[in-house]
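Modelling step: build the complete structure from the supplied sequences, incorporating the hints.
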Amino acid sequence: MKTKKERIIPYLYVLPAALLVFLFFITSTVFTLYAGFTDWDGLSKMNFTGLTNYLALIQDAYFLQSAINTLIWVLAALIIPVLIPLALAIIISRTNFHSTYKNIFYLPNAVSPTIGALILTTLLSNYGLPKLFGLMGFESLDTYWLGIPYVNTFVMIGSSVWQGIGTNLILFVVGLSNIPPEPIEAAQLDGASGLSLYRHVILPLLKPTTVIVLLMALVNSFKTFDIIWMMSGGGPYRTSETLAVTMYKETFINGKYGYGSAVATVLSVIVLFISWFYLKKTFNEGEGH
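The numbers in the working numbering rise by one with no breaks, and the one at position 124 of the sequence shown is 108.
Please keep in mind that the hints were generated in silico from the structure rather than gathered at the bench.
Mixed in with the good hints, there may be bad ones.
The list that follows gives simulated cross-link-like pairs (lysine-lysine, BS3-like), each with its CA atoms no further than 30 Å apart [what the hints assert, rightly or not]:
1) K264 <-> K207
2) K191 <-> K86
3) K240 <-> K29
4) K191 <-> K264
5) K233 <-> K207
6) K207 <-> K86
7) K240 <-> K207
8) K207 <-> K191
9) K29 <-> K233
Written as structure tokens, this is what we have:
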């Protein structure tokens, strides 16, 4: 029978971490929630304004544009960074040099997002790939892609996929290697092969890994900031902003801390709701099976 002191000691080890979480996460969250209901500019006294900031968001064309751009990033994140790594993982797992290929595809992920964005910005400059395409005879492509409204969003999504594909690839490779061979062998004895084998046996067994990859891609797409900020700054004319970029601009550049806090609150609520809904649906389906 453990004494009271022995039961308390394990909790003392995690107490410093718990205090740090409370100090830097919970308190800042509560403060941001409150600031969203004020007209605070970061310097003067906070004046409670109720739902004024949230009503202004609905009428703000820049906010609506950034919401649309965020939705585009989310849809792209649920398709491209999942399907491409999955296909590559299936191909790599069937080769004899899968370690080499994993290192090659994971290499861009080892570079910080800021450095990766700088590299890609240089490659996409007027003296980079657009110039090369122009010399090859594709004059219509010889332009600054990051300066074209809406086109630059898809260019940056491609850049984000290039840099983040390695993590999802590794997860899928590990997931494929952990699949027990018995169900696959049984399905092969029943005549399953090729696409039929993957569709009815391997992919359902890979579902736990797929859920993790999808959830990571979903959350990361909502908070994408560094690539957009380094490559386009949200421009031109704020047409490539996402909610994370709008939050930063309104808060730290325009000095509207209350308004920026409202944007941050909306973004956080959306992420929490979608993550909760997705996880609940996934786990309920798992219990049903």
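Holds or violated: K264 with K207, Cα cutoff 30 Å?
Satisfied, since the Cα-Cα distance of roughly 22 Å is no more than 30 Å.
Is the Cα-Cα distance between K240 and K207 30 Å or less?
Given pair K240, K207 holds - Cα atoms ~20 Å apart, limit 30 Å.
For a C-alpha distance cap of 30 Å, please report whether K207 and K191 respect it.
holds, 25 Å
Hinted pair K207 and K86, Cα distance within 30 Å:
Distance ~26 Å between K207 and K86 Cα, so the pair holds.
For the pair supplied as a hint, K233 and K207, confirm whether the alpha-carbon distance does not exceed 30 Å.
At roughly 14 Å apart (the allowed maximum being 30 Å), K207 and K233 satisfy the hint.
Holds or violated: K29 and K233, Cα atoms, limit 30 Å.
Holds - the C-alpha atoms of K233 and K29 are around 21 Å apart, at most 30 Å.
Does the structure keep K240 and K29 at a Cα separation of 30 Å or less?
Status holds; Cα separation ~13 Å.
Take the C-alpha atoms of K191 and K264, compute the straight-line distance between them, and say whether it is at most 30 Å.
Within the cut-off at roughly 15 Å; holds.
Is it true that the CA of K191 sits at most 30 Å from the CA of K86?
holds, 21 Å
Checked against the numbered hints given earlier, the structure satisfies every one of them.
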